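K.L.:
Order-wise, the sequence lines are chains A and B. Here the first sequence is numbered in full-length UniProt numbering, starting from 1 and rising by one per residue. Here the second sequence is numbered in full-length UniProt numbering, starting from 1 and rising by one per residue.
These are computed hints drawn from the structure, not numbers from a lab. Hints are not guaranteed to be accurate.
Same chains, same names: a pair is fine if it fits in one copy or spans any two.
For lysine-lysine, the following DSS-like pairs were computed, each having C-alpha atoms within a straight-line distance of at most 30 Å [said to hold, decoys possible]:
1. LYS359 x LYS135
2. LYS377 x LYS393
3. LYS78 x LYS106
4. LYS303 x LYS61
5. LYS106 x LYS359
6. LYS61 x LYS359
7. LYS172 x LYS78
8. LYS61 x LYS115
9. LYS347 x LYS135
10. LYS61 x LYS347
11. LYS347 x LYS106
12. LYS135 x LYS115
13. LYS393 x LYS172
14. LYS359 x LYS347
Every value quoted in this text rests on a predicted model; they were computed, and no experiment measured them.
Protein chains: 2
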Amino acid sequence: MAAGRDLPVSPLAVPFPEMPPVAGVLLGTAQAGIRYTAREDVTMMAFPAGTTAAGVFTRNKCPGAPVEWCRDALRGGKARALVVTAGNSNVFTGRAGRETCERTAKAAAELAGCKPREVFLASTGVIGERLPTEKLTGALPALHVALRPDAWPEAARAILTTDTFPKGAVRKAMIGGEEVMIAGIAKGSGMIAPDMATMLCFAATDAKIPAVPLQGMLRRAVDLSFNRVTVDSDTSTSDTVLLFATGQAKHGRVPADGDPRLLRDFARALQDLMLDLALQVVRDGEGAQKLIRVEVTGAVSAKSAHRIAMSVANSPLVKTAVAGEDANWGRIVMAVGKAGEPADRDKLSVGVGGTWMAKDGGVVPGYDEAPVAAHMKGREVEIAVDLGLGRGKATAWTCDLTHGYIDINGSYRS
Amino acid sequence: MAAGRDLPVSPLAVPFPEMPPVAGVLLGTAQAGIRYTAREDVTMMAFPAGTTAAGVFTRNKCPGAPVEWCRDALRGGKARALVVTAGNSNVFTGRAGRETCERTAKAAAELAGCKPREVFLASTGVIGERLPTEKLTGALPALHVALRPDAWPEAARAILTTDTFPKGAVRKAMIGGEEVMIAGIAKGSGMIAPDMATMLCFAATDAKIPAVPLQGMLRRAVDLSFNRVTVDSDTSTSDTVLLFATGQAKHGRVPADGDPRLLRDFARALQDLMLDLALQVVRDGEGAQKLIRVEVTGAVSAKSAHRIAMSVANSPLVKTAVAGEDANWGRIVMAVGKAGEPADRDKLSVGVGGTWMAKDGGVVPGYDEAPVAAHMKGREVEIAVDLGLGRGKATAWTCDLTHGYIDINGSYRS
Numbered sequence: 001m002a003a004g005r006d007l008p009v010s011p012l013a014v015p016f017p018e019m020p021p022v023a024g025v026l027l028g029t030a031q032a033g034i035r036y037t038a039r040e041d042v043t044m045m046a047f048p049a050g051t052t053a054a055g056v057f058t059r060n061k062c063p064g065a066p067v068e069w070c071r072d073a074l075r076g077g078k079a080r081a082l083v084v085t086a087g088n089s090n091v092f093t094g095r096a097g098r099e100t101c102e103r104t105a106k107a108a109a110e111l112a113g114c115k116p117r118e119v120f121l122a123s124t125g126v127i128g129e130r131l132p133t134e135k136l137t138g139a140l141p142a143l144h145v146a147l148r149p150d151a152w153p154e155a156a157r158a159i160l161t162t163d164t165f166p167k168g169a170v171r172k173a174m175i176g177g178e179e180v181m182i183a184g185i186a187k188g189s190g191m192i193a194p195d196m197a198t199m200l201c202f203a204a205t206d207a208k209i210p211a212v213p214l215q216g217m218l219r220r221a222v223d224l225s226f227n228r229v230t231v232d233s234d235t236s237t238s239d240t241v242l243l244f245a246t247g248q249a250k251h252g253r254v255p256a257d258g259d260p261r262l263l264r265d266f267a268r269a270l271q272d273l274m275l276d277l278a279l280q281v282v283r284d285g286e287g288a289q290k291l292i293r294v295e296v297t298g299a300v301s302a303k304s305a306h307r308i309a310m311s312v313a314n315s316p317l318v319k320t321a322v323a324g325e326d327a328n329w330g331r332i333v334m335a336v337g338k339a340g341e342p343a344d345r346d347k348l349s350v351g352v353g354g355t356w357m358a359k360d361g362g363v364v365p366g367y368d369e370a371p372v373a374a375h376m377k378g379r380e381v382e383i384a385v386d387l388g389l390g391r392g393k394a395t396a397w398t399c400d401l402t403h404g405y406i407d408i409n410g411s412y413r414s
Numbered sequence: 001m002a003a004g005r006d007l008p009v010s011p012l013a014v015p016f017p018e019m020p021p022v023a024g025v026l027l028g029t030a031q032a033g034i035r036y037t038a039r040e041d042v043t044m045m046a047f048p049a050g051t052t053a054a055g056v057f058t059r060n061k062c063p064g065a066p067v068e069w070c071r072d073a074l075r076g077g078k079a080r081a082l083v084v085t086a087g088n089s090n091v092f093t094g095r096a097g098r099e100t101c102e103r104t105a106k107a108a109a110e111l112a113g114c115k116p117r118e119v120f121l122a123s124t125g126v127i128g129e130r131l132p133t134e135k136l137t138g139a140l141p142a143l144h145v146a147l148r149p150d151a152w153p154e155a156a157r158a159i160l161t162t163d164t165f166p167k168g169a170v171r172k173a174m175i176g177g178e179e180v181m182i183a184g185i186a187k188g189s190g191m192i193a194p195d196m197a198t199m200l201c202f203a204a205t206d207a208k209i210p211a212v213p214l215q216g217m218l219r220r221a222v223d224l225s226f227n228r229v230t231v232d233s234d235t236s237t238s239d240t241v242l243l244f245a246t247g248q249a250k251h252g253r254v255p256a257d258g259d260p261r262l263l264r265d266f267a268r269a270l271q272d273l274m275l276d277l278a279l280q281v282v283r284d285g286e287g288a289q290k291l292i293r294v295e296v297t298g299a300v301s302a303k304s305a306h307r308i309a310m311s312v313a314n315s316p317l318v319k320t321a322v323a324g325e326d327a328n329w330g331r332i333v334m335a336v337g338k339a340g341e342p343a344d345r346d347k348l349s350v351g352v353g354g355t356w357m358a359k360d361g362g363v364v365p366g367y368d369e370a371p372v373a374a375h376m377k378g379r380e381v382e383i384a385v386d387l388g389l390g391r392g393k394a395t396a397w398t399c400d401l402t403h404g405y406i407d408i409n410g411s412y413r414s
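Produce the complete structure using the sequences and hints provided.
P.N.:
Here's what the structure looks like:
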């Protein structure tokens with residue numbers, strides 16, 4: 001989460017992509033010294049008039065002040081600026097936390113020439129410590145004049161806490177025969193669980209999409225991406241995904257209530273981008289050495305399949321078995337059973353890396369562990385579960401549970 | 001769970017108690033070589049005619065064959081023998097697993113002079129491997145002739161897998177002016193979660209209690225003990241708690257549907273014994289260095305308080321913080337919020353070791369971390385959460401999450 005120590009880069013890291021400018025988006029970073037020293041810890045984005053916004057937030061019942069701020073701001077559906085801080089999450093900081101949000105939004109609004117309610121805020125880091133507001137607001141004027149269209153890599157770095165690599169993704173989509181662009185960055189490596197995660201994700205597009213359909217597409221994309229990944233089953237108080245549409249692209253008007261046919265390709269590209277970023281977060285899971293994909297089929301419904309997939313992905317015993325390169329399918333059976341969803345032991349099949357180990361309630365006759373053992377030694381492990389009951393299916397992703405997780409989280413604040 | 005390696009004894013271990021005989025109960029152990037070599041791995045108990053039985057089992061949807069066997073046997077409400085094996089759980093073993101149960105019960109029934117359905121079975125250990133039935137049944141005749149009333153310590157050792165110390169407890173209770181005895185042993189150190197745990201618990205009393213009230217009291221005692229503890233949030237396929245009442249005590253008749261007033265003291269003693277054993281299981285949690293007690297008050301209901309307490313007790317981030325002796329109350333706030341139960345951040349208070357760190361949504365003014373830091377260095381850590389909403393309260397117990405857990409579970413089968 002935040003100690004600012006030098007952790008080795010995750011062995012599952014992927015390279016940061018080429019991120020071309022998104023028409024209308026200006027961004028930049030600064031050192032405010034909120035918690036970290038000698039690194040950028042504030043990120044700002046500015047958007048042109050007419051930019052619409054969509055957001056999805058943590059379901060944690062004790063959200064941070066910035067999450068509450070964004071929920072309110074989202075009612076207007078318009079955005080002109082975003083301010084993100086790393087190192088202090090401004091969570092459980094009472095009235096002071098709310099005041100920090102108000103003052104930060106006011107300062108950014110003056111610079112951007114907009115209303116405070118058109119400024120979005122996000123913070124990540126230590127919970128329960130007051131955020132030094134003056135350091136933050138004091139850094140904004142110089143940051144604002146230096147905003148530029150090509151600072152995505154810098155922004156992707158400045159929002160990190162315990163992450164070991166910056167996370168970015170870009171997709172193109174067609175709307176009414178015109179190409180539009182979506183770019184996004186994310187952070188997160190622990191406290192990652194269903195119903196979002198301790199993660200932040202900021203994406204922008206030059207598409208011209210009203211707030212209502214933008215929100216619908218974002219919600220769906222998050223359900224299919226960030227809500228399918230888990231690192232440690234803990235759910236942060238600060239999870240935030242924001243999407244800004246600057247409307248600078250040349251395509252024709254999208255009706256206020258959307259047009260599924262017109263937006264089909266955009267929705268697909270958005271889902272793809274969000275899944276890309278969500279998987280980068282899992283690849284940077286605290287202590288992760290292996291990426292685990294859990295594929296559930298044959299469940300009574302898609303919802304049931306999703307719950308079973310998450311139960312397997314969240315099981316500490318499955319995750320430690322993968323860390324130990326042990327194809328322990330008994331633990332997978334246990335995790336399927338503990339989900340509480342319809343399951344019939346005698347119809348259940350479990351496989352790893354394309355090899356079925358157990359079928360119909362027992363070990364496969366003549367089961368040869370060799371190909372499974374070889375698969376377990378790789379960086380990406382695939383677990384398959386077939387319930388044999390219906391047509392429901394779902395996929396979830398997680399990482400293994402290693403000594404690295406204990407190292408990182410057993411000495412976080414001190 | 002089962003590798004039979006020599007793990008260092010948990011620093012939280014408690015001494016095995018003096019366990020006097022329970023009138024009517026004979027017990028013993030043997031080496032069947034099912035998985036372990038050079039240690040006792042089969043335990044048998046025999047009870048006199050008229051013994052009643054009660055049982056509570058895992059809610060895992062993929063239970064082991066012995067669990068299904070016991071559920072059936074329990075319908076008769078009568079017991080004459082118990083056979084327990086350690087090293088192989090006989091789970092996910094299909095038809096072969098069911099046959100092992102049938103043959104074991106038949107062999108034990110012949111020795112005990114009863115029906116197979118009066119024999120109870122439990123197994124713990126590796127999932128998905130066939131249990132070598134002949135080794136088990138072959139060990140029973142010699143074991144049966146050597147049964148004696150004082151072998152509780154031997155039995156407590158023979159049922160262990162990754163446990164580092166044997167677990168036993170004894171209580172006395174009064175029924176109708178006569179003293180009765182309850183004795184119990186348990187095993188379990190991982191895959192411990194609500195809705196029981198990978199744990200086995202066998203208790204016996206000389207009280208003369210019909211099966212129906214015995215079952216009611218056992219269910220309640222388990223709800224207040226084993227269902228309040230968690231080691232790793234995983235739920236085993238084999239959890240079993242059995243209670244046998246031999247009826248050898250001198251107290252008067254208890255009606256078939258019970259008599260709450262007559263049984264009040266027995267119910268209290270049973271709850272106390274079960275909580276004692278459940279806490280011994282947590283004290284032996286895989287890798288545990290600290291026992292954590294989570295006390296939730298002020299919730300909207302007892303059920304809500306229980307869910308919040310378990311959410312805190314199951315949070316990997318809270319458990320690693322305790323391992324690191326870090327009074328990270330922000331993570332406690334997170335875990336309260338993720339429970340999904342009614343919570344108002346601005347009424348929430350969090351304390352450790354009797355010191356409130358945060359009240360009413362923010363840090364306590366002038367909060368002095370010194371006494372909290374000192375408390376965190378001890379072996380027993382107390383976390384208090386007050387929701388400020390109602391009168392619901394609950395307590396849960398867990399242990400910290402350490403490198404030891406990864407060591408034990410990352411190399412279990414191999």
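K.L.:
Now look at each hint and say whether the structure bears it out.
P.N.:
Going through the hints against the structure:
{"no.": "1", "hint": "LYS359 x LYS135", "in the structure": "between (60 Å within a copy, 26 Å between copies)"}
{"no.": "2", "hint": "LYS377 x LYS393", "in the structure": "within (26 Å within a copy, 47 Å between copies)"}
{"no.": "3", "hint": "LYS78 x LYS106", "in the structure": "within (16 Å within a copy, 74 Å between copies)"}
{"no.": "4", "hint": "LYS303 x LYS61", "in the structure": "both (23 Å within a copy, 17 Å between copies)"}
{"no.": "5", "hint": "LYS106 x LYS359", "in the structure": "between (61 Å within a copy, 28 Å between copies)"}
{"no.": "6", "hint": "LYS61 x LYS359", "in the structure": "between (41 Å within a copy, 16 Å between copies)"}
{"no.": "7", "hint": "LYS172 x LYS78", "in the structure": "within (23 Å within a copy, 70 Å between copies)"}
{"no.": "8", "hint": "LYS61 x LYS115", "in the structure": "within (28 Å within a copy, 54 Å between copies)"}
{"no.": "9", "hint": "LYS347 x LYS135", "in the structure": "between (60 Å within a copy, 29 Å between copies)"}
{"no.": "10", "hint": "LYS61 x LYS347", "in the structure": "between (38 Å within a copy, 12 Å between copies)"}
{"no.": "11", "hint": "LYS347 x LYS106", "in the structure": "between (60 Å within a copy, 28 Å between copies)"}
{"no.": "12", "hint": "LYS135 x LYS115", "in the structure": "within (22 Å within a copy, 79 Å between copies)"}
{"no.": "13", "hint": "LYS393 x LYS172", "in the structure": "within (28 Å within a copy, 53 Å between copies)"}
{"no.": "14", "hint": "LYS359 x LYS347", "in the structure": "within (7 Å within a copy, 51 Å between copies)"}
Hint compliance for this structure: no hint is broken.
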